[in-house]
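*Asks:* The chain contents come next:
Protein chains: 2
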Amino acid sequence: MSAHQLEAPSRTLMGPGPLCIHPRVYRALTSPVIGHLDPAYLKVLDRIGELLKMVFRTANRLTNATPGSGSSGMEACVANLIEPGDPVLVCVSGYFGDRIRQMVERQEARVSLIEGEWGKPIDPELVRRSLKNTRCKVIALVHAETSTGVLQPMEEIARLAKEHGAMILLDTVTSLGGVDVKIDEWGVDAAYSCSQKCIGSPSGLSPVTFSDRALEGVSRRKHPVRSWYLDISLLDKYWGPSRVYHHTSSSTLNYALLEALQIIEEEGLDTRIKRHTRNHKALVAGVEAMGLEMLVAPAHRLPSLNTVKVPQGIDDAKVRSYLLDAFNLEIGAGLGVLKGKVWRVGLMGYSSSAENIIFFLSAMGQALAQQGYKADISAGLSAAMSALKQ
Amino acid sequence: MSAHQLEAPSRTLMGPGPLCIHPRVYRALTSPVIGHLDPAYLKVLDRIGELLKMVFRTANRLTNATPGSGSSGMEACVANLIEPGDPVLVCVSGYFGDRIRQMVERQEARVSLIEGEWGKPIDPELVRRSLKNTRCKVIALVHAETSTGVLQPMEEIARLAKEHGAMILLDTVTSLGGVDVKIDEWGVDAAYSCSQKCIGSPSGLSPVTFSDRALEGVSRRKHPVRSWYLDISLLDKYWGPSRVYHHTSSSTLNYALLEALQIIEEEGLDTRIKRHTRNHKALVAGVEAMGLEMLVAPAHRLPSLNTVKVPQGIDDAKVRSYLLDAFNLEIGAGLGVLKGKVWRVGLMGYSSSAENIIFFLSAMGQALAQQGYKADISAGLSAAMSALKQ
Chain U
1 MSAHQLEAPS
11 RTLMGPGPLC
21 IHPRVYRALT
31 SPVIGHLDPA
41 YLKVLDRIGE
51 LLKMVFRTAN
61 RLTNATPGSG
71 SSGMEACVAN
81 LIEPGDPVLV
91 CVSGYFGDRI
101 RQMVERQEAR
111 VSLIEGEWGK
121 PIDPELVRRS
131 LKNTRCKVIA
141 LVHAETSTGV
151 LQPMEEIARL
161 AKEHGAMILL
171 DTVTSLGGVD
181 VKIDEWGVDA
191 AYSCSQKCIG
201 SPSGLSPVTF
211 SDRALEGVSR
221 RKHPVRSWYL
231 DISLLDKYWG
241 PSRVYHHTSS
251 STLNYALLEA
261 LQIIEEEGLD
271 TRIKRHTRNH
281 KALVAGVEAM
291 GLEMLVAPAH
301 RLPSLNTVKV
311 PQGIDDAKVR
321 SYLLDAFNLE
331 IGAGLGVLKG
341 KVWRVGLMGY
351 SSSAENIIFF
361 LSAMGQALAQ
371 QGYKADISAG
381 LSAAMSALKQ
Chain X
1 MSAHQLEAPS
11 RTLMGPGPLC
21 IHPRVYRALT
31 SPVIGHLDPA
41 YLKVLDRIGE
51 LLKMVFRTAN
61 RLTNATPGSG
71 SSGMEACVAN
81 LIEPGDPVLV
91 CVSGYFGDRI
101 RQMVERQEAR
111 VSLIEGEWGK
121 PIDPELVRRS
131 LKNTRCKVIA
141 LVHAETSTGV
151 LQPMEEIARL
161 AKEHGAMILL
171 DTVTSLGGVD
181 VKIDEWGVDA
191 AYSCSQKCIG
201 SPSGLSPVTF
211 SDRALEGVSR
221 RKHPVRSWYL
231 DISLLDKYWG
241 PSRVYHHTSS
251 STLNYALLEA
261 LQIIEEEGLD
271 TRIKRHTRNH
281 KALVAGVEAM
291 GLEMLVAPAH
301 RLPSLNTVKV
311 PQGIDDAKVR
321 SYLLDAFNLE
331 IGAGLGVLKG
341 KVWRVGLMGY
351 SSSAENIIFF
361 LSAMGQALAQ
371 QGYKADISAG
381 LSAAMSALKQ
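Protein chains in written order, with this note's numbering: chain U, 1 to 390; chain X, 1 to 390.
For the record, the hints were derived by calculation from the structure and aren't laboratory data.
Watch out, some of these pointers could steer you wrong.
It does not matter which identical chain is used: a pair holds within one copy or between any two.
[Said to hold, decoys possible] List time: in silico BS3-like cross-link candidates among lysine-lysine, alpha-carbon distance up to 27 angstroms:
1. K389 with K341
2. K132 with K339
3. K237 with K318
4. K374 with K162
5. K341 with K182
6. K339 with K43
7. K237 with K43
8. K389 with K120
9. K274 with K389
10. K162 with K274
11. K53 with K222
12. K222 with K182
13. K341 with K274
14. K132 with K318
15. K120 with K53
16. K318 with K43
17. K132 with K341
18. K339 with K237
19. K341 with K237
20. K53 with K339
21. K162 with K237
22. K237 with K389
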C-alpha cells in the first residue's frame, strides 16, 4: 500500500446516490482492463444493451450507457432531440426538472415552462392546456424527482403526448431498476438514468434509450448536434454493428454495470420492484411512528428516495454530520428550495434492505436525541418490522 | 460468480490505450464507494488536483479530471474556450487533430485550418504565416498525435502564440505522465488528457487544466457554454472551495486515478519520462533490426506510441487477430488514412516495460511468419536488449 494512501472510509450509503454495491459488483471492477474494440468486450456492450432493454421495458434498438454520470445521459437526450428554435415543453417541480430546463435553454429552443410545486407531481391538466395552446416537439419531464421524492404518474401525460404527436424525454435517474419504468408502453422517445442508484453499480455510466422515431428526427436535424462527445449518431456507430471507434469505453465500469444488471435479471425485475416498494413502506412506517413527517403525500411517494421533513428547531447539517461521524451513515441534504428542510433517504439497489432500515431509524433517533428531540425509536422499529412482514 | 458471467480475457495491452494497470490500481478500484460530497472524498479530489498539477507542470488552480473519456476533456476545452464566431486556428496532421476540428466547427467558430502530413509534425512556419494574416483567439493542436505517433515540438508555436496574444488549446492525451508536458512554460491555456494511457489508470476520466486567462475568457463569454455537462464554471464550483454539487463524481475511478498518480509521484516524473524514452528506443531498435520500418522520422517519434509500417503484402488485420488469439496481445490498428498501413504499439505507464518489449517482438515475429514473412527475431531481441542497457 502507498505511504500516501488516503483513508477510504467505509460508509453505509443511504443518500440520493451513490448507494452501496453488491460484493459481486466490486469483484467485477477488478476484471482485467480490456480494449474498447476487443471482440470479447464488444460482447459485453451488447449484453449490457440487452439487459438495459429488459430494465427499461423497451425494444428500442439504441439502448446502452453513455460514458459519464446521469447528467451525461440527460445532455445526450436533450442535445440530440432538440435544435435551436424547437418548441419544447419543460415540466419543472424540482431540482432536476430545472437542470433539464437549463440544458434545453442552452440548445436555444423555444421553451414553454410548467412550474409545479416542489413535493408534488406535475398536474397533467397543465400539460393538456399547454399542448392545446402551443405547438410542441418535445415534452421533457422527470419520472422520479430525486430532489423531492416524488414519483410522476405517467399515463395521462403519455396519452396527451401521443394525441399531440409530441415526443417524451424522460429522466428515470432514480427509478430505473427499482421502480417500474415502461418506455414502450408510455411511448417515451428518449430516456436516461444512472448506474449508481437502483441499478446498483458505481457511478460513471448513464443508461440511455432512444426510440426509432427519435433517431429519425436526429438524422433530419438542420443543425449538427452541439455536443460531439454525446452525439448519439456517433455513439450508435460504435454500439451498433459498424463498430466505428468513438471513445475509449471504460471496461472497468461496464464490467461492473453488466454484473449489476445480471443481478437484477437473477432477482427478477418485478421482484426487485416489489422489494423497493416494501422497504420504502417499512421506512415510512418507522419514520412516522417516530413522530417524523414525510414531505410527499402517500399517493405520490417515490419508493427509492424518501424525503423526511426536518423537524422544527432541528439543525439539518448537524444531524447529517453526526450520522456520518458517529455511524459512517450517509443520508442526503435537501436541494434548492428544500435545503435545510428535508433529509433525502435513499433505499435503492443493494442498499434497499431490512438491515439498513433498522439501522437508519436507530441512528436517526440517536442523532435527534443530540439536539434534545425525543423520537420514539421503539415505536419506529416496531412499525418498520410490521411493515416488512407484509 | 454469476451463471451468466461473460468471459473477461486477460490481455497484454500494447495498443493506443487502455494499457495494463498496476495491481495497486486494481486494488484501489475496490475501495468502498463513497458519496461525491463526503468530506473524505473531497480530500481525494483535492489531492488528485495537486498531483495533476505536478504531472502537467502547472500552477493552474483549475486542474482536475472531467467525468468521461479523453474526448470529454477535449470537448470541455473546446466548448468553454470557443464561442460562435471566434477565430480559431486548428492544426491537423492526424485523426485527433481532425476530431478537434469537428468539435470546434460544432461551436460555429471561424476556423482557419493548417493541414499537415500524417506522420509529420505541424510546421511552425505555417502557424507563423496564419497568425500574420488572420486574427486568432485560440490555436488548437495535438501534442502527441495518437494516430500517427508524432510528438509535436512546442517551443516555436508557443513563442508565436505569445507574440500574437493567442491562447493555446493542447491535446496531451498520449503524452501526459510519460512524455514531458510543460503547460506553464509553453503558456498553454487549456489542455486535456486521459486516465488510461501514460497515467496508468482505467479509462473513464480526463485530466484537464485551464489557465486563469482561459477562465477569465469563459467568464466574459457572450453565449452560454453549449454543454451544461462540461461547463467548466460549474465544474469549478464543485472542484473548488464552494463545493456546489454538479455531477455524481465516480469515487471508484477517482480512487484509481489517485493511486495511479501516487505511483507516478513515487517513481518520480522525470524518471518515468526517461523510462518511457528508453523503452521506446529499445522497441524501435528491435523492430528495425527485425527488418520492419517506423512511420515517423527519429526526431519526431512519440515515445509512448510507436507506429510500425505494415510490410508490403502483409494483411494487417490477420496479424492483429493472430496476436490476440494466440497470445492475448492487443496492438492497435491504423486510423484514418493510415488504416491498414501501420500498427500502433503503445508503451505507456505500467505497460512500458522490458518484458513487454521482448514479448511483443517475439510475438510479432511469429505473426509475420504465419504470412511467410521471415523477420530476424534474434537480431530484434539482441538490439532491444542492447538498447535497454543504455
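*Asks:* Check the structure against each numbered hint from earlier and tell me which ones fail, lowest number first.
*Replies:* 1, 2, 4, 5, 8, 10, 11, 12, 13, 14, 15, 17, 20, 21, 22
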